[in-house]
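Quick note, the sequences are listed as chains A and B, same order. The first sequence stops at residue 278 when you use my numbering, and every number in between is there. The second sequence stops at residue 147 when you use my numbering, and every number in between is there.
You may find that some hints are simply not true.
Claimed, not checked - Pairwise CB distance ranges (calculated): (1) V174(A) - N73(B): 38 to 46 Å; (2) K19(A) - Y67(B): 54 to 62 Å; (3) K110(B) - D107(A): 52 to 60 Å.
Calculated from the structure, these hints are not laboratory results. Where is the CB? At the ideal position from N, CA and C, for every residue including glycine.
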Amino acid sequence: MPNLKLIAMRLKSVTNIQKITQSMKMVSAAKFAKAERDLKAARPLGIAAQQFYKSADIQSDKEQPKEIFVALTSDRGLAGAVHSNINKNIRAQLEAKIAAGGPSAIDNCKIICVGDKSRAFFSRFFPKQILMVGNEIGRLPPTFNDASKVANAILSSGYDYDTGKLLFNYYKSVVSNETTELPIYSQELVLSSENVSVYDSLDADVVQSYMEYSLASLIYYCMKEGATSEQSSRMSAMDNSSKNAGEMIDKLTITFNRTRQAVITGELIEIISGAAAL
Amino acid sequence: FGLRRMMSTSSVRSADMSFTFAAPNAVHYNAAVVRQVDVPSFSGAFGILPSHVPSLAVLKPGVVTVYEEDGTNKKFFVSSGSVTINDDSSVQILAEEAHKVEDLDINAAKEVLAEAQKALGAASSEVDKAEAQIAVEVGEALVAAAQ
Numbered sequence: 001m002p003n004l005k006l007i008a009m010r011l012k013s014v015t016n017i018q019k020i021t022q023s024m025k026m027v028s029a030a031k032f033a034k035a036e037r038d039l040k041a042a043r044p045l046g047i048a049a050q051q052f053y054k055s056a057d058i059q060s061d062k063e064q065p066k067e068i069f070v071a072l073t074s075d076r077g078l079a080g081a082v083h084s085n086i087n088k089n090i091r092a093q094l095e096a097k098i099a100a101g102g103p104s105a106i107d108n109c110k111i112i113c114v115g116d117k118s119r120a121f122f123s124r125f126f127p128k129q130i131l132m133v134g135n136e137i138g139r140l141p142p143t144f145n146d147a148s149k150v151a152n153a154i155l156s157s158g159y160d161y162d163t164g165k166l167l168f169n170y171y172k173s174v175v176s177n178e179t180t181e182l183p184i185y186s187q188e189l190v191l192s193s194e195n196v197s198v199y200d201s202l203d204a205d206v207v208q209s210y211m212e213y214s215l216a217s218l219i220y221y222c223m224k225e226g227a228t229s230e231q232s233s234r235m236s237a238m239d240n241s242s243k244n245a246g247e248m249i250d251k252l253t254i255t256f257n258r259t260r261q262a263v264i265t266g267e268l269i270e271i272i273s274g275a276a277a278l
Numbered sequence: 001f002g003l004r005r006m007m008s009t010s011s012v013r014s015a016d017m018s019f020t021f022a023a024p025n026a027v028h029y030n031a032a033v034v035r036q037v038d039v040p041s042f043s044g045a046f047g048i049l050p051s052h053v054p055s056l057a058v059l060k061p062g063v064v065t066v067y068e069e070d071g072t073n074k075k076f077f078v079s080s081g082s083v084t085i086n087d088d089s090s091v092q093i094l095a096e097e098a099h100k101v102e103d104l105d106i107n108a109a110k111e112v113l114a115e116a117q118k119a120l121g122a123a124s125s126e127v128d129k130a131e132a133q134i135a136v137e138v139g140e141a142l143v144a145a146a147q
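Please take these sequences and the hints and turn them into a complete structure.
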């Protein structure tokens, strides 16, 4: 028979856990409401920023183009599957390349880890591909300033990528989000693409400023989507956690009462048999 | 400044311009149909009508004027950003910050300009000087727009 004290301790700790996850859910719900409002304003911006690349339909013709993966995660966990979805997606893509072309096939691929969650994952599996790491992400809602810092870091990293992918979680609804990738291209690739020659009077300065601003806009859009997905995912994860804790509390309370009654019955038996012996 | 007009000669032409004007803080137009848009860009200020030749441009601090279908026009102050005109006549203006000119306060604008000029005077390194110069340009455009 398990000790009454042990069950009491477990009951107390599970009750605490339930309170904590309950309050985390409330906090996430508040942050999610704000993130969703911001996303409403940011979505037209994201669609507009992608319009040029959709119309231009740029292809890379190199055999093994230099690629860059930008994993847009954050520092904070307990958010359900959001971070691991992005990480696993990138890992699957890299492993597919290795399967097709051998271990040297990924020498041209680098990863930019935005957020500690992706850094921790990739420093275990693909430490040589990590190009740079960004942290202090996830505490405050993302601003255009943050996005331009990331864009700046990518452009001044010294790594001349040809194509790249921004990986983020597209927010579909409170209970569902989808890991999506947005393509990014280098300036040379854009300038040499045939569809781009339709655009009139482009000089190098204008294209460079345009591409820099465009990259920052795209990153801003992905960060906003990612933040909304993360908060909604954390909200449901914490809600499930509170429900599970609630179930455990019910079961433990029943066991506790049963144990308590058994202890009392045992004491009674001792008393009665002691009295009967007199 | 000079105004230049360009007619697209491609066969793909649509009668209306699908105009999207978005900034991180707010969306002013989303795939709306408007008559004309005047933008201040680094390659000169120009007006965009439907069937403008496809082009890319970078915004300079200044005022974007949107002439709507019913004849009214709205002015917005933009700090910086990009302009995309695609060959299907859709126009996307992405601004870093965009506000209605009516919302600008002339005194606050003058303060911004004065601070920026002070920073330019105190700047030492090339990067600091360039950043301060940008702030001065934005301040000057702000004051011009708020008047």
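Measuring from beta carbon to beta carbon, are K110(B) and D107(A) in 52 to 60 Å? 56 Å, holds
Range hint 38 to 46 Å: satisfied by the CB atoms of V174(A) and N73(B)? 41 Å, holds
C-beta pair K19(A), Y67(B): status relative to the range 54 to 62 Å that was hinted: 58 Å, holds
Hint compliance for this structure: no hint is broken.
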